[in-house]
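Undergrad: Next come the chains, spelled out residue by residue.
2 protein chains.
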Amino acid sequence: MTIVLYYSPGSCSLAPHIVLNEIGEPFELRKFATAELANYSAEYLAVNPKGRVPALATDRGILTETTAMLVFIEQTFPQARLAPLADPFRFAQAQAFNSYLCATLHVAHSHRMRGARWANEAASFADMQRKVPESVAECFGLIEKRMLAGPWVMGEAYTICDPYLFTMAQWMEADGVDPARFPKVRDHRQRMSERPQVRAAIAEELN
Amino acid sequence: MTIVLYYSPGSCSLAPHIVLNEIGEPFELRKFATAELANYSAEYLAVNPKGRVPALATDRGILTETTAMLVFIEQTFPQARLAPLADPFRFAQAQAFNSYLCATLHVAHSHRMRGARWANEAASFADMQRKVPESVAECFGLIEKRMLAGPWVMGEAYTICDPYLFTMAQWMEADGVDPARFPKVRDHRQRMSERPQVRAAIAEELN
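Chains as they are written, first to last, in numbering that gives the first Met the number 0: chain X, 0 to 206; chain R, 0 to 206.
It should be emphasised that the hints constitute simulated quantities derived from the structure, not laboratory data. Careful: at least some of the hints might be erroneous.
Note: identical chains are not told apart, hence a pair may lie in one copy or across any two.
[To be verified] Okay, derived cross-link-like pairs now, DSSO-like style, lysine-lysine, Cα gap no bigger than 27 Å in a straight line:
no.: 1; residue 1: 183; residue 2: 30
no.: 2; residue 1: 30; residue 2: 130
no.: 3; residue 1: 144; residue 2: 49
no.: 4; residue 1: 144; residue 2: 130
no.: 5; residue 1: 49; residue 2: 30
no.: 6; residue 1: 183; residue 2: 49
no.: 7; residue 1: 144; residue 2: 183
no.: 8; residue 1: 130; residue 2: 183
Required output: the full structure, derived from the provided sequences and hints.
TA: The following block contains the structure:
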């Protein structure tokens with residue numbers, strides 16, 4: 000299986016990047032910096048008509064959507080045991096965690112700089128930006144109290160949920176949220192940042 | 000397996016409701032009308048601390064998040080063959096479709112009446128409401144052109160993606176989007192509305 004990951008530095012593409020590093024099979028990285036408008040070329044839109052990252056090129060075609068991609072990587076390389084696929088309830092819990100990150104936490108965060116997706120006026124964008132510290136903190140509050148079992152998201156087993164949570168926890172300071180308010184999330188972030196595969200992914204994205 | 004679906008009429012809980020009807024195993028419905036503030040009781044928040052629908056009570060605990068729940072129902076009752084679980088790429092395509100509905104289309108739609116999640120000012124809510132016809136139509140445009148294979152979302156096989164698309168297509172008129180602009184989506188909606196399991200789900204939610 001030839002795999003190419005299209006990523007943008009600092010974006011949620013870091014999650015599949017870390018998971019691919021954990022798997023240890025060869026893959027190729029291609030940068031598509033979403034901040035640079037010149038990148039919204041016909042070439043990239045042919046890869047992903049949504050104009051977003053991540054996108055994953057595989058032998059069978061392109062995949063988009065982080066949550067789908069994380070499960071695909073795990074199912075393709077099951078030896079790494081990064082998701083409890085054989086247990087429908089546990090697998091659903093892992094998927095629900097990732098879905099919450101994708102559809103609630105990431106969406107709250109995106110109102111800081113992507114307001115034009117949902118409104119037109121500068122005053123609305125400013126209002127949205129003021130709300131981000133509160134709406135993002137509310138998500139981390141729920142994760143802290145109800146969702147993060149510890150030491151990893153699902154408990155003793157490290158899964159595809161961990162790199163995804165780590166990726167979004169990296170945005171806390173920029174979103175105006177004090178990590179000290181969420182000690183379990185902070186400790187998880189620290190634990191993640193010590194993994195060689197995570198350090199390697201971050202270093203690779205800085206190149 | 001004893002299954003209880005917590006639903007709110009007209010919400011995205013219609014998708015797992017239809018899938019449960021398609022499976023044909025007994026389950027219980029419990030109404031939690033999200034429009035009624037009195038329903039945000041300690042009792043319901045104990046079921047789902049997010050205060051959202053759907054929630055699914057199972058023998059092993061509560062599950063939330065529509066996309067996770069749809070796969071759980073399919074994995075628990077695989078005889079209905081409602082997702083290509085054994086084929087990682089096809090499964091990822093189905094999951095990516097559902098993720099797009101959950102994290103992009105549903106989010107665009109929610110800006111019509113849930114603006115307080117992401118802003119504080121009445122003027123921002125009005126601005127968001129004006130944008131909904133455009134942002135929701137953009138999603139349906141992508142679904143129409145690139146994602147809906149036909150006759151069903153994934154092609155010849157009816158899957159968990161179909162009730163989910165149908166549920167959101169039901170919101171088009173209220174979102175200010177003319178269904179005639181998207182003939183494949185419109186035909187899919189018609190095809191869905193002719194299924195006895197879909198008619199039954201809609202009738203059950205009106206009780």
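Undergrad: Does each hint hold? Answer for all of them.
TA: Going down the list of hints, with the structure as the test:
no.	hint	verdict
1	183 with 30	neither (32 Å within a copy, 34 Å between copies)
2	30 with 130	neither (31 Å within a copy, 31 Å between copies)
3	144 with 49	between (34 Å within a copy, 12 Å between copies)
4	144 with 130	within (21 Å within a copy, 35 Å between copies)
5	49 with 30	within (16 Å within a copy, 36 Å between copies)
6	183 with 49	between (34 Å within a copy, 19 Å between copies)
7	144 with 183	within (9 Å within a copy, 44 Å between copies)
8	130 with 183	within (23 Å within a copy, 38 Å between copies)
Comparing the model with each numbered hint stated earlier shows that hints 1 and 2 do not hold.
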